Amino acid sequence: MPLIEVKNLKKKYAEGEFPTVALHGVSFDINNGEFVAIMGPSGSGKSTLLHILGFLDSQTSGTYHFDGKKMQDYDDEELARIRNKKMGFVFQAFNLLPRTSVYENVLLPLVYSDIPEENWDELVKQAILSVGLESRMHHEPSELSGGEKQRAAIARALVTDPQIIFADEPTGNLDSKSGQAVMEILQELNERDNRTIVLITHETYTAENAERIIHMLDGEIERDHPVTNRKSAKARYEK
Amino acid sequence: MHWKHVIKTSLTSLRINRSRSLLTIAGMIIGVASITLIMSLGEGAQAFILGQVQGIGSRTIAVLPGRQPTSPADTAQLFSDSLKQKDVEALQKKENVPEGELVMPIVLGADTASYGNETYNITLFGATEAIQKILDVYPSSGNFYTDDDVRQYGSVIVIGNKVKEKLFADEDPIGKKLRIKGKNFRIIGVLPKKGSGLFDFDGAALLPYTTAQQYIFGTKFFNRVVVQVHSEDEITSAIVNIENTLRDSHGITDPSKDDFFVETPADVISRLGVVTSALTLLLASLAAISLVVGGIGIMNIMLVSVTERTREIGLRKAIGATEKEIMIQFLIEAILLTFIGGMLGVLLGVSLSLLSAFLVNHFSTVAWSFIFPIRGALLGIGVSVSIGLIFGIYPAKQAAKKNPIEALRFE
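First to last, the protein sequences are chains A and B.
Mapping of the first sequence onto the numbering used here: residues 1 to 239, in sequence order.
Mapping of the second sequence onto the numbering used here: residues 1001 to 1411, in sequence order.
Just so you know, not all the hints are guaranteed correct.
To be verified - No farther apart than 20 angstroms at their CA atoms in a straight line, the calculated lysine to aspartate or glutamate pairs in the EDC-like style are these: (1) B:1177 to B:1118; (2) A:86 to A:191; (3) B:1401 to A:121; (4) B:1004 to A:114; (5) A:86 to A:188; (6) A:86 to B:1325; (7) B:1220 to B:1111; (8) B:1324 to A:121; (9) B:1401 to A:57; (10) B:1324 to A:77; (11) A:86 to A:114; (12) B:1401 to A:77; (13) A:10 to A:57; (14) B:1004 to A:104; (15) B:1008 to A:118; (16) B:1004 to A:121; (17) A:7 to A:104; (18) B:1004 to A:76; (19) B:1008 to A:121; (20) B:1008 to A:117; (21) B:1324 to A:78; (22) B:1401 to A:76; (23) B:1086 to B:1258; (24) B:1183 to B:1111; (25) B:1004 to A:118; (26) B:1401 to A:75.
What the hints assert, rightly or not - According to the in silico footprint, chain B covers these stretches of chain A (three or more CB under 8 angstroms from chain B): (27) 76-82; (28) 89-96.
Quick caveat, the hints were computed from the structure, so don't treat them as lab data.
Since this is a predicted model, take the numbers as computed values, not measurements.
For each residue, glycine too, the CB sits at the ideal point set by N, CA and C.
Full structure from sequences and hints, please.
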């Protein structure tokens, strides 16, 4: 059973004078442990799709099964619980809380979880360690470089040990070196922990870190193919 | 819901905007401080009055001329001349008022007293020897006038401490002649310093009521007649007997036509209590208006804060916060803000109340006691927390309703 099962997903925005159609009916599956990149130019509907997949938005029509259950069957509170427990989010703009230490930022999802408080400290430290930010644990975001900020954000996404990580242009605000480092971490999370990763990007070289690329254009899937000559981020960086 | 974290988050956000938070609650602080101060002063005033009235003794009944005042316009009735010597004699008869231990008529007035070249305006109390016991006015030097002085229109007088200071300075006034209305009165005693109370004895002089009526006021009526009963239990029956005796003496059959009224210390306490409570309540409600104004300011700032933290709200939702959790967080923030305001307000109000008690005691003769306004403090904190709740709900709902995508996109 695929982790994500999308059938004829449509999304219309009724706001404004002219209704905009963001998704024209897309269908695909994503299996557990896959690393999928959704690629396309701006306006192609890739972000809308990610928002629906991440329960942050809902479709106008079509069905979306996550982990075998229809999205419409969950109420708002259950959606929030699943976002907390099974999903992790990494954003282009990091979205770390200002004037709050890396430690406190990474801790944030635990506050909304049912994980007992006595385990929090260990989970937070583990997540920070896994992105190699232990020396920055008590620094505030304003004291971090862009790459460090994104690594902190990844640690925050990891702290509840989610099944799937949604990364929306995670390298968009980073220089190529920091971008590579972030991609390496995502690959490692996929390969080592068998975590499903859905990556949104408009850059081919970033998308090629994934195992499979879904190309989007004007709200439709243009192409869906595996990456044949996939290189690990580390190998390319060393070259 | 991890409350510890919710409160910690709220405190952090209040601390980040420290000066804004403080300015926001300035209105609350002033409002709560006013309420606390007013209630503290109100309770102090009541305690003061109670202390004064209780000093008169609970076994005394005062009979006053005129009708009982029911409105400010009625005060003119107080100057009625209905209480005469024959009434005093009727009240003294055991068959009329068996509960009565003693009956003392009082005449009151003010006039200029002089000694040598010095003059001073004094209050004059004309009564019997019993006034010493009833109002606790024993002379500290010299003697008091006797019942013989009363019977014989004796030109003797006992003066208050301030009168002595003003007219005699360092001289011993005993035996000297005090001149009032062209007549000389021999000073036989001086009262100790008493401080201001219901009556200001420091600036007063006491003399036989017969003398006062005859030589100073030229009247034949009394300003009040005090009846002291044997025990407190007899007050109720004594009042009935006093009323019947006076109606009989005045030829009144319809009690609604009474030209006198009876007052006990309990009546005075409750009447003054009603006045101070009403005044306190009025002032406290005025102060409460400033709390409502403060509440609107808090709502305004919370709305600004919600807009500023749109991204944060979006993020919290994305990582699993429910609408309810977002709402509670902002509500707690508003309540914490107003709670802190309330606490600071109580602190300020209590300090001001302490300060005013100190000033009153230091610079006036009134013995004012500071009373910690527990009711005012609880009311102030309760009201401010409620205001946080009431004015925090709308901004908190706005926060909870934010769409996470829009919120994350917000720049």
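Right, here's what the structure says about each hint:
no.: 1; hint: B:1177 to B:1118; in the structure: 12 angstroms, holds
no.: 2; hint: A:86 to A:191; in the structure: 18 angstroms, holds
no.: 3; hint: B:1401 to A:121; in the structure: 31 angstroms, violated
no.: 4; hint: B:1004 to A:114; in the structure: 15 angstroms, holds
no.: 5; hint: A:86 to A:188; in the structure: 18 angstroms, holds
no.: 6; hint: A:86 to B:1325; in the structure: 19 angstroms, holds
no.: 7; hint: B:1220 to B:1111; in the structure: 18 angstroms, holds
no.: 8; hint: B:1324 to A:121; in the structure: 26 angstroms, violated
no.: 9; hint: B:1401 to A:57; in the structure: 13 angstroms, holds
no.: 10; hint: B:1324 to A:77; in the structure: 9 angstroms, holds
no.: 11; hint: A:86 to A:114; in the structure: 13 angstroms, holds
no.: 12; hint: B:1401 to A:77; in the structure: 13 angstroms, holds
no.: 13; hint: A:10 to A:57; in the structure: 12 angstroms, holds
no.: 14; hint: B:1004 to A:104; in the structure: 14 angstroms, holds
no.: 15; hint: B:1008 to A:118; in the structure: 17 angstroms, holds
no.: 16; hint: B:1004 to A:121; in the structure: 15 angstroms, holds
no.: 17; hint: A:7 to A:104; in the structure: 39 angstroms, violated
no.: 18; hint: B:1004 to A:76; in the structure: 24 angstroms, violated
no.: 19; hint: B:1008 to A:121; in the structure: 16 angstroms, holds
no.: 20; hint: B:1008 to A:117; in the structure: 15 angstroms, holds
no.: 21; hint: B:1324 to A:78; in the structure: 13 angstroms, holds
no.: 22; hint: B:1401 to A:76; in the structure: 12 angstroms, holds
no.: 23; hint: B:1086 to B:1258; in the structure: 17 angstroms, holds
no.: 24; hint: B:1183 to B:1111; in the structure: 12 angstroms, holds
no.: 25; hint: B:1004 to A:118; in the structure: 13 angstroms, holds
no.: 26; hint: B:1401 to A:75; in the structure: 15 angstroms, holds
no.: 27; hint: 76-82; in the structure: holds (count 4)
no.: 28; hint: 89-96; in the structure: holds (count 4)
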